[in-house]
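Participant: Chain by chain, the residues:
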Amino acid sequence: MQFRTPIKQARGLGASHHGASHWTAQRLSAIGMVPLMLWLVIGIASHAGAGYSETIAWMASPFNAVLLVLMFGVLFYHASLGLQVVLEDYVSHKGVRLALLIGVRFLALLLATTGIFAVLKIAFGG
Amino acid sequence: MSSDNRPLSPHLQVYRLPFTAITSISHRISGVMLSGGALVLVYWVFAAASGPQAYATASAFLGSLPVQLLMFIWSFVLFYHLCNGIRHLIWDAGYGFELDAARRGGQIVIGSAAALTLIAWLIALV
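For the record, the sequence lines run as chains S and D. Just so you know, we're using the working numbering here: the first sequence kicks off at 1 and counts up by one. Just so you know, we're using the working numbering here: the second sequence kicks off at 1001 and counts up by one.
Keep in mind that a hint or two might mislead.
Unchecked claim - DEER-style ranges, computed between Cβ atoms:
#1 D/1123 / S/34: 12 to 22 Å
#2 D/1061 / S/102: 51 to 61 Å
#3 S/43 / D/1061: 14 to 24 Å
#4 D/1054 / S/38: 26 to 36 Å
#5 S/5 / D/1066: 22 to 32 Å
#6 S/54 / D/1093: 35 to 45 Å
Unchecked claim - Here are some chain D residues the structure puts well away from chain S; computed CB gaps all over 12 Å:
#7 1018
#8 1019
#9 1021
#10 1049
#11 1050
#12 1059
#13 1096
#14 1124
Everything labelled a hint here was simulated from the structure, so no lab data went into it. Where is the CB? At the ideal position from N, CA and C, for every residue including glycine.
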């Protein structure tokens, strides 16, 4: 018995209405996070205990500033995608789940913007 | 639908999770922990952008012993999530589903995460 309409099959987006896009975005951002995190840990570890001016100089160099901006963007994108799946799996109350999902999205965007703004301010010497 | 008294399978209070199941749930737990750790990252960059005084306050806080201990745990959690994420990507590519490979993979992940944590702290402290 065929219950699916032809248009549903042609679109191939399944019951989620967005197909595998969430899954793909999570993997893509994960691949991006690998080099970014290795670079960040080395950067932070080699500047452990550094003073204000030394830290600022490191963050302000064009290479580091670009990677920091990219890192904050990918990090909070990846985190919000991951937390979304965790909430969808474990929070059974629909209203609470929706509220938390919206909260996670907003918080991720707020933190990413804060991090990126801070890096840009340092990089442009404000 | 009342489902309060239905038995759970596997019943988490009496079922001893296999090694691979522990590495699996740890991936989620570590992801949630890292989302919290990302807050510290934003705090650090934001303090640096706010000026020398704010940075000095942040440095004193981040350099204190309890926070350093937390950072040590956090660094291992980060490397665990990173290595286990690569393990997931290998699965996504269709490899390593045999029971032996899955167990071996989990061991390699924990070993690599421990090694990377040690290397990072060697860079930081030496």
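Participant: Against each hint, give a clear statement of whether it holds in the structure.
Facilitator: A quick look at each hint next to the structure:
no.	hint	in the structure
1	D/1123 / S/34: 12 to 22 Å	18 Å, holds
2	D/1061 / S/102: 51 to 61 Å	31 Å, violated
3	S/43 / D/1061: 14 to 24 Å	20 Å, holds
4	D/1054 / S/38: 26 to 36 Å	28 Å, holds
5	S/5 / D/1066: 22 to 32 Å	59 Å, violated
6	S/54 / D/1093: 35 to 45 Å	42 Å, holds
7	1018	20 Å, holds
8	1019	22 Å, holds
9	1021	15 Å, holds
10	1049	4 Å, violated
11	1050	8 Å, violated
12	1059	8 Å, violated
13	1096	16 Å, holds
14	1124	4 Å, violated
Against the hints set out earlier in the document, violations occur for numbers 2, 5, 10, 11, 12 and 14.
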